[in-house]
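Position chains B and C against the provided structure of chain A, taking the given hints into account.
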Amino acid sequence: MSKQSTPLRLFWAEFRENRIAVIALVVVVLLILLALLASVVSPQNPYDLANLSLMDSRRPPGFVGSGGYTHILGTDPQGRDLLSAIFYGLQISIQIGLAAGLVSLTIGTFLGITAAYVGGRIEALIMRLVDLQLSFPAILLALVIVALLGQGKAQLIGALVAAQYAYFARTAYGAAKAERGKDYIEAAVATPLSTRLVVMRHLLPNCTPPLIVVATVQIANSISLEATLSFLGLGLPVTEPSLGMLISNGFPYMMSGRYWISVYPGVALIILIVAINIVGDQIRDQFNPRLRR
Amino acid sequence: MSAFLTVDDVSRVFGPNLNTGEKIAARLGAQVETRSVRAVSDVSLTVSKGETLGLVGESGCGKSTLGRLMAGILAPTSGTVLIDGAPVMVNGVKATTRVQTVFQDPFASLDPRMKVGDTVSEGPIAHGLTTRAQAKAYVAGWFEKVGLDPGWTDRFPHQFSGGQRQRVAIARALAMQPDMLICDEPVASLDVSIQAQIINLFLELTRDLELTTVFISHDLSVVQHVSDRVAVMYLGRIVEVGPVAQVFNNPAHPYTDALFGSVPKLVLDADELVHFDTITGEVPSPLAPPSGCYFHPRCPLATPVCSSDVPCMQSLPDMRTVACHHFKEQFAKSFGKAG
Amino acid sequence: MSAPVLSVRNLRTHFFTRAGVVKAVDGVSFDLSAGEIMGLVGESGSGKTVTGFSLLGLIDEPGRIVEGSIKLNGVELTSLPDAELRARRGKDISMIFQDPIATLNPMLTIGQQMKLAIDAHERLGKRAAEARAAELLTQVGIPSAVARLRSYPHEFSGGMRQRVAIAIALLHRPAVIVADEPTTALDVSIQAQILFQMRDLANETGTALIWISHDLAVVSSLAKKLAVMYAGRIVEQGPTAALLRDPRHPYTAGLIASLPAMATPGTPLVQIPGTTPSLLSLPTGCPFAPRCELATSDCNTEPEITFVGDRGWRCFHPVSHARELTT
Chain A
1 MSKQSTPLRL FWAEFRENRI AVIALVVVVL LILLALLASV VSPQNPYDLA
51 NLSLMDSRRP PGFVGSGGYT HILGTDPQGR DLLSAIFYGL QISIQIGLAA
101 GLVSLTIGTF LGITAAYVGG RIEALIMRLV DLQLSFPAIL LALVIVALLG
151 QGKAQLIGAL VAAQYAYFAR TAYGAAKAER GKDYIEAAVA TPLSTRLVVM
201 RHLLPNCTPP LIVVATVQIA NSISLEATLS FLGLGLPVTE PSLGMLISNG
251 FPYMMSGRYW ISVYPGVALI ILIVAINIVG DQIRDQFNPR LRR
Chain B
1 MSAFLTVDDV SRVFGPNLNT GEKIAARLGA QVETRSVRAV SDVSLTVSKG
51 ETLGLVGESG CGKSTLGRLM AGILAPTSGT VLIDGAPVMV NGVKATTRVQ
101 TVFQDPFASL DPRMKVGDTV SEGPIAHGLT TRAQAKAYVA GWFEKVGLDP
151 GWTDRFPHQF SGGQRQRVAI ARALAMQPDM LICDEPVASL DVSIQAQIIN
201 LFLELTRDLE LTTVFISHDL SVVQHVSDRV AVMYLGRIVE VGPVAQVFNN
251 PAHPYTDALF GSVPKLVLDA DELVHFDTIT GEVPSPLAPP SGCYFHPRCP
301 LATPVCSSDV PCMQSLPDMR TVACHHFKEQ FAKSFGKAG
Chain C
1 MSAPVLSVRN LRTHFFTRAG VVKAVDGVSF DLSAGEIMGL VGESGSGKTV
51 TGFSLLGLID EPGRIVEGSI KLNGVELTSL PDAELRARRG KDISMIFQDP
101 IATLNPMLTI GQQMKLAIDA HERLGKRAAE ARAAELLTQV GIPSAVARLR
151 SYPHEFSGGM RQRVAIAIAL LHRPAVIVAD EPTTALDVSI QAQILFQMRD
201 LANETGTALI WISHDLAVVS SLAKKLAVMY AGRIVEQGPT AALLRDPRHP
251 YTAGLIASLP AMATPGTPLV QIPGTTPSLL SLPTGCPFAP RCELATSDCN
301 TEPEITFVGD RGWRCFHPVS HARELTT
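Residue numbers (the working numbering), protein chains in the order written: chain A, 1 to 293; chain B, 1 to 339; chain C, 1 to 327.
Bound conformation, chain A alone:
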């Protein structure tokens, strides 16, 4: 064996066998790259009001505007180039999705593992709280919190985290509870190693597979939740439109035949969420020993 067959390498070898998952992964990476490079690849900066001309508003795809270039996907009611708006919107959506996902991952994992490892009253307290919260729909919680905190990026992320950390806590708790009973944890405790070492070096790494699965799904959920909130007008300010807000902006014009204003951002959102979910599904399948051959 010249090449080390690390678990990661084996994982990738198996992942590669599902062509659809690989395509989805490429799409996700591509969309993230587009979002990161939005200011470079976009023909226009849609946030710069000086660039916008109301003359160009609500034009169909293929229209050559006052800027002298073709609006491939048309323009929105403010006269923004839709393609540019989608790139910038993607940036905001992914930013918020990732931030909310990672923060809830951290908080949820901490709570879940603490509950599983410490046990007793703390376990009961944390997990009942989590259960209570899971019994409400996430969208309802997010709505209430945004209404209370007001609008803005940080507030929005806070609302998404509050609505989603419970999923991570549940998952981390379940995984940690199962791993805790295994011999290798007992062996580490029996050495004896400090609780910090046992948790950080053994328990946490072995709880990551289900957490990664939940994280991918929850990032997709954060993005769609954010889009929903923005669509309802509770998301970000109108000056920085995310995908949800772009859809919302175009909604009144759907019936008048100017479908593109809503549909193209919608398509971008769907592609992003579906691709993330396909990648998440494949990861889940690979982690699930029951589905293994």
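Calculated from the structure, these hints are not laboratory results.
Please note that a few of the clues may not be correct.
Said to hold, decoys possible - Listed next, the in silico DMTMM-like pairs over lysine to aspartate or glutamate satisfying Cα-Cα at most 25 Å (straight line):
id : chain 1 : residue 1 : chain 2 : residue 2
1  : B       : Lys-265   : C       : Glu-181
2  : B       : Lys-23    : C       : Glu-61
3  : B       : Lys-23    : A       : Glu-123
4  : B       : Lys-265   : C       : Asp-215
5  : B       : Lys-23    : A       : Asp-131
6  : A       : Lys-182   : B       : Glu-282
7  : A       : Lys-182   : B       : Asp-118
Leaving out everything else, chains B and C in the frame of chain A:
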């Protein structure tokens, strides 16, 4: 000989561990198990320096729990476990590195996400037996001692066979430089052709490193092979302890006799129709153990006193102790069989 | 001797996995007469369980029987359509598994499950079915059988559950029962009771029994006939006592010699070097050669099984005086 490990009147009770819902259900009269199990019940035992004590019994007899109490993994409900005069556990936390454990299943006892070298070195690093810089050489040394290629420290557990994994687990225990090893069924999950390798390694290491050992197994022939003394457990109590030869050849407790009688032996004679000395009935539920001597419902020698009084441990002249009201009759029976 | 009830010839069951072809069973042949008990001994991965599953036609994708013949009462099973195979499974040939809790339905009473098992192959009234079930439970040593028919699996102990599984396997008086490590999970005292009973049952009912186990001692106390498997092949077969007393294949000889019961306490055991080979990367020739002291360049080609009388071994250099090895 002085005692190195002392188990003094130790009991371990596992509570019913009810959650709030079950507690409410129990209050309302639902059938929720609220009884607790005495997995280990008033056990006293000593192990001398350099000695190997075998611990045998059927599943659920408490031998694994007793092993975990001795290893400092579980805290006793009452009683104390001392190693060289110092308690193994203080306030529910293991207070010594002098006793280490080898677990049954090497597929479960190694962290699947950690390189085996790191698994072996993390304990010694945490306790200052080696430094991070010297860890590699330190681990390689132990790998060599247990018969593993020292170049394999960067591999993951899944790259090893069962026997090799058990060697890694033994290296992990030994790298802590213990005086004492608790081995909980160390060969039970290995292939037959590999068991002999691990047993030989174990014999060699205990001799070379002058280890004191407790060897827990349900396989009586393995215990007979590796142990100096043997303790037989039934439903959480020790029924007989003594030198291997005496206990195996001439059991003083009817349960020991019956247990040994049930073990299939290799039959080499074509015409021999094997006769099993089967024990009637099954091991009673530990939730509701019988009164008096726990073995009396299944015992051929039982009399009324057995169902009323718990037999105390009595010392016999041949260095063994037995908990039975009728060990003299049992002796007569054993001798009858031998002659 | 009467015609065999079960006759297996050159059975090969392979699994076509992502990592390559796993030749789990690769050349297994034996005969079994009515009432006979055969021990099938091997380590994990030797193919003994897959052999048992192959006999019942229970091999699922990605595995398949690629070659060989299984004749049960003269009927070739490997070419039988699925539906007909299903009609025979449980009736003419049945199986007992290591873990009875996995084979019993926790939601049904024992009586209901036995009724279902009867209905699968026979039309029998409720009364008659119950009587048959109770009779079998009594036969396998379950006290107050009629009352126990109303019990659920969780109300039985492990040993009792295994007895129930045995009773279900016996319901249709099959010609052959394949028992896969049925006592491994049980305590020795319960194991002894069940071994004792199985021997009598085979004797009384004329059912032939294949007892799959890794434990030579268990098999030797039960089976008159023995087959030892290594890496998918039967490497040695013959009458149990003769085979154990005078093993010819170096693997069998090593296995017996390595038992602690064969050595003086405290002394090193005879050990077979190396590890059990992966079925994915078997050496060419004799699969045991890399671990064998007697191997020569001959062993680079695979030996066929040689029969002398009722004994057979798959080796170019059979051990002649194996007893010397142990002393």
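How the hints compare with the structure:
Under the criterion of a C-alpha separation no larger than 25 Å, the hint pairing B:Lys-265 with C:Glu-181 is consistent with the structure, at around 17 Å. Straight-line distance between C-alpha atoms of B:Lys-23 and C:Glu-61 comes to about 47 Å, which puts the hinted pair past the 25 Å bound. At most 25 Å may separate the alpha-carbon atoms for a hinted pair to count; B:Lys-23 and A:Glu-123 meet this at roughly 16 Å. Between the alpha carbons of B:Lys-265 and C:Asp-215 the distance comes to roughly 10 Å, so the proposed pair stays at or under 25 Å and holds.
The hinted pair formed by B:Lys-23 and A:Asp-131 meets the criterion: a straight-line CA distance of about 19 Å does not exceed 25 Å. For the proposed pair A:Lys-182 and B:Glu-282, the alpha carbon gap of about 29 Å is over 25 Å, so the pair is violated. For the proposed pair A:Lys-182 and B:Asp-118, the alpha carbon gap of about 18 Å is at most 25 Å, so the pair holds.
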